[in-house]
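Based on the hints, put chains F and Y in the right spot on chain S.
The listed protein sequences derive, respectively, from chains S, F and Y. Note that my numbering has the first sequence beginning at 1166, numbered continuously upward. Note that my numbering has the second sequence beginning at 1166, numbered continuously upward. Note that my numbering has the third sequence beginning at 1166, numbered continuously upward.
Be aware that one or more of the hints could be misleading.
Just so you know, same-sequence chains aren't split out, so a pair can sit in one copy or run between any two.
In silico SDA-like links for lysine to any residue, alpha-carbon gap of 25 Å or less [unchecked claim]:
| # | residue 1 | residue 2 |
| --- | --- | --- |
| 1 | Lys1283 | Phe1516 |
| 2 | Lys1316 | Glu1384 |
| 3 | Lys1467 | Phe1456 |
| 4 | Lys1470 | Ala1354 |
| 5 | Lys1414 | Ala1545 |
| 6 | Lys1413 | Arg1532 |
| 7 | Lys1414 | Glu1541 |
| 8 | Lys1413 | Leu1493 |
| 9 | Lys1222 | Ile1352 |
| 10 | Lys1414 | Pro1527 |
| 11 | Lys1283 | Lys1414 |
| 12 | Lys1414 | Gly1530 |
| 13 | Lys1467 | Ile1543 |
| 14 | Lys1316 | Ile1512 |
| 15 | Lys1414 | Glu1353 |
| 16 | Lys1283 | Ala1459 |
| 17 | Lys1350 | Glu1384 |
| 18 | Lys1414 | Asp1537 |
| 19 | Lys1283 | Val1409 |
| 20 | Lys1222 | Asp1544 |
| 21 | Lys1316 | Leu1493 |
| 22 | Lys1413 | Asp1355 |
| 23 | Lys1222 | Leu1411 |
| 24 | Lys1414 | Ile1525 |
| 25 | Lys1283 | Arg1412 |
| 26 | Lys1222 | Ala1356 |
| 27 | Lys1350 | Ala1545 |
| 28 | Lys1350 | Ile1543 |
| 29 | Lys1222 | Glu1353 |
| 30 | Lys1413 | Glu1540 |
These are calculated hints, taken from the structure and not from any lab test.
The residues making up each chain are set out below.
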Amino acid sequence: MSAFLLMFFTSVTAFAQEVANNGVSPAVMNDQRYNRAIHIMAMLLIGFGFLMVFVRKYGRSALTATFLLVSTSIPIYIYAKSIGFMGGVSEEVEKLILAEFGAASLLIAAGAVLGRLKMPQYILLGLLFVPFYMFNEWVVLGGGLGLIPAKTVIDTGGSIVIHAFGAIFGLGVALTMTTKQEFEKTIEADATSDRYSMLGSMMLWIFWPSFCAALVTPEQMPHTVVNVIIALCGSTIATYLFSVSLRKKISIADIANAALAGGVAIGSTCADASHTVAMIIGILAGGLSTFGFAVIQSRQQKWMKLIDTCGVTNLHGLPGLMGGLAALPIIHGLNMQSQLSGIGLTIVIAFVAGLITGKILPLMGRRTEAYDDAEEFIDAE
Amino acid sequence: MSAFLLMFFTSVTAFAQEVANNGVSPAVMNDQRYNRAIHIMAMLLIGFGFLMVFVRKYGRSALTATFLLVSTSIPIYIYAKSIGFMGGVSEEVEKLILAEFGAASLLIAAGAVLGRLKMPQYILLGLLFVPFYMFNEWVVLGGGLGLIPAKTVIDTGGSIVIHAFGAIFGLGVALTMTTKQEFEKTIEADATSDRYSMLGSMMLWIFWPSFCAALVTPEQMPHTVVNVIIALCGSTIATYLFSVSLRKKISIADIANAALAGGVAIGSTCADASHTVAMIIGILAGGLSTFGFAVIQSRQQKWMKLIDTCGVTNLHGLPGLMGGLAALPIIHGLNMQSQLSGIGLTIVIAFVAGLITGKILPLMGRRTEAYDDAEEFIDAE
Amino acid sequence: MSAFLLMFFTSVTAFAQEVANNGVSPAVMNDQRYNRAIHIMAMLLIGFGFLMVFVRKYGRSALTATFLLVSTSIPIYIYAKSIGFMGGVSEEVEKLILAEFGAASLLIAAGAVLGRLKMPQYILLGLLFVPFYMFNEWVVLGGGLGLIPAKTVIDTGGSIVIHAFGAIFGLGVALTMTTKQEFEKTIEADATSDRYSMLGSMMLWIFWPSFCAALVTPEQMPHTVVNVIIALCGSTIATYLFSVSLRKKISIADIANAALAGGVAIGSTCADASHTVAMIIGILAGGLSTFGFAVIQSRQQKWMKLIDTCGVTNLHGLPGLMGGLAALPIIHGLNMQSQLSGIGLTIVIAFVAGLITGKILPLMGRRTEAYDDAEEFIDAE
Chain S
1166 MSAFLLMFFT SVTAFAQEVA NNGVSPAVMN DQRYNRAIHI MAMLLIGFGF
1216 LMVFVRKYGR SALTATFLLV STSIPIYIYA KSIGFMGGVS EEVEKLILAE
1266 FGAASLLIAA GAVLGRLKMP QYILLGLLFV PFYMFNEWVV LGGGLGLIPA
1316 KTVIDTGGSI VIHAFGAIFG LGVALTMTTK QEFEKTIEAD ATSDRYSMLG
1366 SMMLWIFWPS FCAALVTPEQ MPHTVVNVII ALCGSTIATY LFSVSLRKKI
1416 SIADIANAAL AGGVAIGSTC ADASHTVAMI IGILAGGLST FGFAVIQSRQ
1466 QKWMKLIDTC GVTNLHGLPG LMGGLAALPI IHGLNMQSQL SGIGLTIVIA
1516 FVAGLITGKI LPLMGRRTEA YDDAEEFIDA E
Chain F
1166 MSAFLLMFFT SVTAFAQEVA NNGVSPAVMN DQRYNRAIHI MAMLLIGFGF
1216 LMVFVRKYGR SALTATFLLV STSIPIYIYA KSIGFMGGVS EEVEKLILAE
1266 FGAASLLIAA GAVLGRLKMP QYILLGLLFV PFYMFNEWVV LGGGLGLIPA
1316 KTVIDTGGSI VIHAFGAIFG LGVALTMTTK QEFEKTIEAD ATSDRYSMLG
1366 SMMLWIFWPS FCAALVTPEQ MPHTVVNVII ALCGSTIATY LFSVSLRKKI
1416 SIADIANAAL AGGVAIGSTC ADASHTVAMI IGILAGGLST FGFAVIQSRQ
1466 QKWMKLIDTC GVTNLHGLPG LMGGLAALPI IHGLNMQSQL SGIGLTIVIA
1516 FVAGLITGKI LPLMGRRTEA YDDAEEFIDA E
Chain Y
1166 MSAFLLMFFT SVTAFAQEVA NNGVSPAVMN DQRYNRAIHI MAMLLIGFGF
1216 LMVFVRKYGR SALTATFLLV STSIPIYIYA KSIGFMGGVS EEVEKLILAE
1266 FGAASLLIAA GAVLGRLKMP QYILLGLLFV PFYMFNEWVV LGGGLGLIPA
1316 KTVIDTGGSI VIHAFGAIFG LGVALTMTTK QEFEKTIEAD ATSDRYSMLG
1366 SMMLWIFWPS FCAALVTPEQ MPHTVVNVII ALCGSTIATY LFSVSLRKKI
1416 SIADIANAAL AGGVAIGSTC ADASHTVAMI IGILAGGLST FGFAVIQSRQ
1466 QKWMKLIDTC GVTNLHGLPG LMGGLAALPI IHGLNMQSQL SGIGLTIVIA
1516 FVAGLITGKI LPLMGRRTEA YDDAEEFIDA E
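Pulled out of the complex, with its shape left as it was, chain S reads as follows (with noise of 0.2 Å):
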């Protein structure tokens, strides 16, 4: 009888937990967070590795450096919070998750300069990135030097430390990675590599919701992704208009990219915004990132003397600086104060890491011949 009363007492203190969780175990919240965590390994090697692929003689290359990349900078963050660097995290599956985002955001820095480093230098690219980028997390999200109260700025699914982050540290390396050579030279797409390219972006798109539910709580979770996808149906479709309006004929490439405006712009505000709100900034961010690549790139290489091979400006930078600033109308009892250091906090940071390190990467030398597979590979045609 005792034996039933103490199993009856622990079966009850237990369950408890569970209800006021939603009805969700530990474990079993674990194992739907493993999920996320697989969904994301699919947006970074197949989602951003093919995305990348549209470069016509550098395929290899970019799937190479795509595996590189994450194979540098997630174990270096496991290990970092796993011995409390910057904030440390316990749980195994939690700590994947946010070392995949660290992940997104270093392949993100390097979409600004795929083609013009050597596969070395991307391994190095990883090696200086996490640090930086877990200084960023730290001071905005956490708490960190105690410049913003830790939890006051809102950001789900990364819209400012991900993906404006990426994107701005890019550029910072981008101004000294280009070179008076490569500004001559042309990035060549072909039908074959543009289809690779959609592959990659349909990755990103699909697994886009668990981007940005990967660590709400489960009550939290139904509307968010909802939004998500939402959003992005809005960005699709805008691009689409956009695309064939400022251009007269669609670009694959504009479809490829800003399509995925909405997710990256909806990731501030995911848990919150009502669905028809999730509507209009996917539609706007998709406007917004086609304007983008379809006007803004070519002006931006001459004005700021660079080239961003990927145009993560278009896709990340501004959608996502626009994603945090779209918590200021949407989020009630938003601390505004917090919101607008974070993003200001992390386009400085951003943006002098990015030089730094651009400053460093030369040391290894430069290539020969951008966007090329054949310098560094085998059998390249």
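What follows is chains F and Y alone, placed relative to chain S:
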């Protein structure tokens, strides 16, 4: 003590619910369905999208059209269900899955006229399709108009209301949307586009169990998913055998398409058939579908005076109807009259709706050149 | 009141079971495993399938063969386990996962002779392979014949019974299935087929944690999956370093293949090794595998007088054996004799079974032209 008692009663009550639901709390159920929803999204974009890339010069258009069809139909369906149109649904993830089912049916319909619509016509197709689809779903499954008692038609995985509906709707549209000039134009494929097509096919094959089991109970899930996989194995082997028998050599288009017929045909009975019956359904469906591609398709063109670009008649139409009829001998206690009325009504509603849609689409004009990216895309060779 | 008491006792008993199982009810456990099963299916079809598309003119055949091998072996395995052959399994999803493990091993075996079998010979290979595989699994892990006590060989993710077994079986088959003419024929790749190959590789990489953690307890899952990812990161970086060191330039085939060796080699100890040890195993496996592709493979052809088309010796054979042996120093309280006997028996059974199979296959004749779709497919260029 009284706090403990309260906690205790709350816990017991909540847990009794879980036990009744096989140990699955509502929040956990939602998460399980969410994973299915993502799997289905992979089928919609990469599955259907890349399966349609087999048209050599029309790959960019096929993928962009897929993006637009999904992005148009899903928000409309979700919004309509939210306001209670044709039977409301309150739970977010369930609504998302139902919207994805509609998008799948729409992509099937679009497959019939692929290459012969302009991009804005695909969007219009989506706008027109969704209300018709919801009407049929409501009448056949939801007891709408009082024609068929609700829940008496067995169609768990949508053989009837998703596959057959989409295919027959598509044929209705194709009747108008095939010009004389288009009859004379060959639809070309090459090795690259064929391998993309196999990627789409495999993506559909892999996630098909999640499509059919998306809304079954946790108790039914294991039997259902194994049934779907067995049916797909059956149709895959049958497709190879029939393809090589009917054509002397294997057609990769048969493999990419007809291998999936087992998934289509097991749809109605996937939760109820035995594994042996699932294998038989799979083999018959694979054989029927391959026969359709190898023998019927060319005759259908002359007889029905239309071109079915992707052969949706053979992959979704015939196997879908077969699957719906298979319930008659298989399901114990089936309401035969309901099942037959459901199939009959679906055929009529789909065809009439398709015809109407086919009359409206040409108001936006017609393509100059079918099956060619160059008309609408920049830089298409 | 008595109804409440009944509800109460049922609830407490059922929940006590869950608590014992870390808060995971049987129905929830099934669903978790189902998600793993789908991940593994993605590895089998797109992963293994597209990895083998690197043979330029044999893409359609490689993908069709993958379809047929999976569709033949899975239903047979499920049926055999259902009737209690070599140790029955009653739970449906568990049976499905075990069947997929068998299919993975079969695809590895087929990789050794890829391009030198006719399509019906792949089916026959599947029919012959499954019983041998089940016999080895039963003897090594299940206590079959009383040779090794059940559950004393540590092989959580199948380094021994899946990877090494499949590779050695394949070598046994290849001994007969390599003709003189085939020794002189180069296996060609090009940029398009290479990128498909990377798609397959990445698909395997992404879902590998689900392969290894498919049947571990919920408690072991987080540590296991992070171990697998760390090992894969280690082998990916090591592959790059060894490839560029051994060959002067990077071989994309090394990257696509050897990057996965960490997943193969961590298989036995994934639930038990520390993260640091997982990284070391990954690095060693990546190095060993790259050395295999760069140095051993061409010598093996002369020495063993066989062609191993996909280099399964280097990706699955050597890293698989290394993984099995790694358990010796790593696992506390390991039954060393069992582990060594398990490895030894697997080598013997696999090789003899492969030899027998290799004698039976040629009874169906031989291909005229190796590595070429045109012999069996319509419209192949």
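Here is what the structure says about each hint:
1. For a Cα distance limit of 25 Å, the shortest separation of Lys1283 from Phe1516 inside one copy, 22 Å, qualifies, whereas the shortest one across copies, 43 Å, does not.
2. In this assembly of identical chains, Lys1316 and Glu1384 lie within 25 Å of each other by CA distance solely inside one copy; the values are 19 Å within and 30 Å between copies.
3. Taking CA atoms no more than 25 Å apart as the test, Lys1467 paired with Phe1456 passes inside one copy only; the shortest distance there is 17 Å, against 47 Å between copies.
4. In this assembly of identical chains, Lys1470 and Ala1354 lie within 25 Å of each other by CA distance solely inside one copy; the values are 23 Å within and 39 Å between copies.
5. For the identical chains of this complex, Lys1414 and Ala1545 are inter-copy neighbours only, at 10 Å across copies versus 33 Å inside a copy, given an alpha-carbon limit of 25 Å.
6. In this assembly of identical chains, Lys1413 and Arg1532 lie within 25 Å of each other by CA distance solely across copies; the values are 16 Å between and 37 Å within a copy.
7. For the homomeric pair Lys1414 and Glu1541, the shortest alpha-carbon distance between copies (5 Å) is at most 25 Å, but the shortest distance inside one copy (36 Å) is not.
8. For the homomeric pair Lys1413 and Leu1493, neither the shortest alpha-carbon distance inside one copy (35 Å) nor that between copies (54 Å) is at most 25 Å.
9. Taking identical chains as interchangeable, the C-alpha atoms of Lys1222 and Ile1352 lie at most 25 Å apart whether they share a chain (9 Å) or sit on different chains (22 Å).
10. Taking the shortest Cα distances, Lys1414 and Pro1527 sit within 25 Å of each other only across copies (20 Å), while inside one copy they are farther apart (39 Å).
11. In this homomeric assembly, Lys1283 and Lys1414 come within 25 Å of each other (Cα to Cα) only across copies, at 12 Å, whereas the closest approach inside a single copy is 35 Å.
12. In the homo-oligomer, the alpha carbons of Lys1414 and Gly1530 lie at most 25 Å apart only across protomers (17 Å), although the nearest pairing inside one protomer, at 41 Å, exceeds that limit.
13. In the homo-oligomer, the alpha carbons of Lys1467 and Ile1543 lie at most 25 Å apart only across protomers (24 Å), although the nearest pairing inside one protomer, at 35 Å, exceeds that limit.
14. For a Cα distance limit of 25 Å, the shortest separation of Lys1316 from Ile1512 inside one copy, 19 Å, qualifies, whereas the shortest one across copies, 55 Å, does not.
15. In the homo-oligomer, the alpha carbons of Lys1414 and Glu1353 lie at most 25 Å apart both inside one protomer (18 Å) and across protomers (23 Å), since each shortest distance falls under that limit.
16. In this assembly of identical chains, Lys1283 and Ala1459 lie within 25 Å of each other by CA distance solely across copies; the values are 22 Å between and 29 Å within a copy.
17. In this homomeric assembly, Lys1350 and Glu1384 never come within 25 Å of each other (Cα to Cα): the closest approach is 51 Å inside a single copy and 54 Å across copies.
18. In this assembly of identical chains, the alpha carbons of Lys1414 and Asp1537 lie at most 25 Å apart only when taken from different copies (13 Å versus 28 Å within one copy).
19. When the C-alpha separation of Lys1283 and Val1409 is checked against a cutoff of 25 Å, the pair qualifies only between copies, where the shortest distance is 12 Å, while the shortest distance within a copy is 36 Å.
20. With identical chains, the CA atoms of Lys1222 and Asp1544 are at most 25 Å apart both within one copy (12 Å) and between copies (17 Å).
21. Taking identical chains as interchangeable, the C-alpha atoms of Lys1316 and Leu1493 lie at most 25 Å apart only when both belong to the same chain, with a minimum of 15 Å there against 46 Å between chains.
22. When the C-alpha separation of Lys1413 and Asp1355 is checked against a cutoff of 25 Å, the pair qualifies only within one copy, where the shortest distance is 20 Å, while the shortest distance between copies is 29 Å.
23. Proximity of Lys1222 to Leu1411 under the C-alpha cut-off of 25 Å is restricted to the inter-copy arrangement: shortest distance 24 Å between copies versus 28 Å within a copy.
24. Proximity of Lys1414 and Ile1525 under a CA criterion of 25 Å is satisfied inter-copy only: 24 Å between copies versus 42 Å inside one chain copy.
25. Only between protomers do Lys1283 and Arg1412 lie at most 25 Å apart by alpha-carbon distance; the minimum there is 17 Å, versus 34 Å within a single protomer.
26. When the C-alpha separation of Lys1222 and Ala1356 is checked against a cutoff of 25 Å, the pair qualifies both within a copy, at 12 Å, and between copies, at 9 Å.
27. In this assembly of identical chains, Lys1350 and Ala1545 lie within 25 Å of each other by CA distance both inside one copy and across copies; the values are 19 Å within and 21 Å between.
28. In this assembly of identical chains, the alpha carbons of Lys1350 and Ile1543 lie at most 25 Å apart whether taken from the same copy (23 Å) or from different copies (20 Å).
29. Taking the shortest alpha-carbon separations for Lys1222 and Glu1353, both the intra-copy value of 8 Å and the inter-copy value of 18 Å come in at or below 25 Å.
30. In this assembly of identical chains, the alpha carbons of Lys1413 and Glu1540 lie at most 25 Å apart only when taken from different copies (11 Å versus 37 Å within one copy).
Hint violations for this structure: numbers 8, 17, all remaining hints satisfied.
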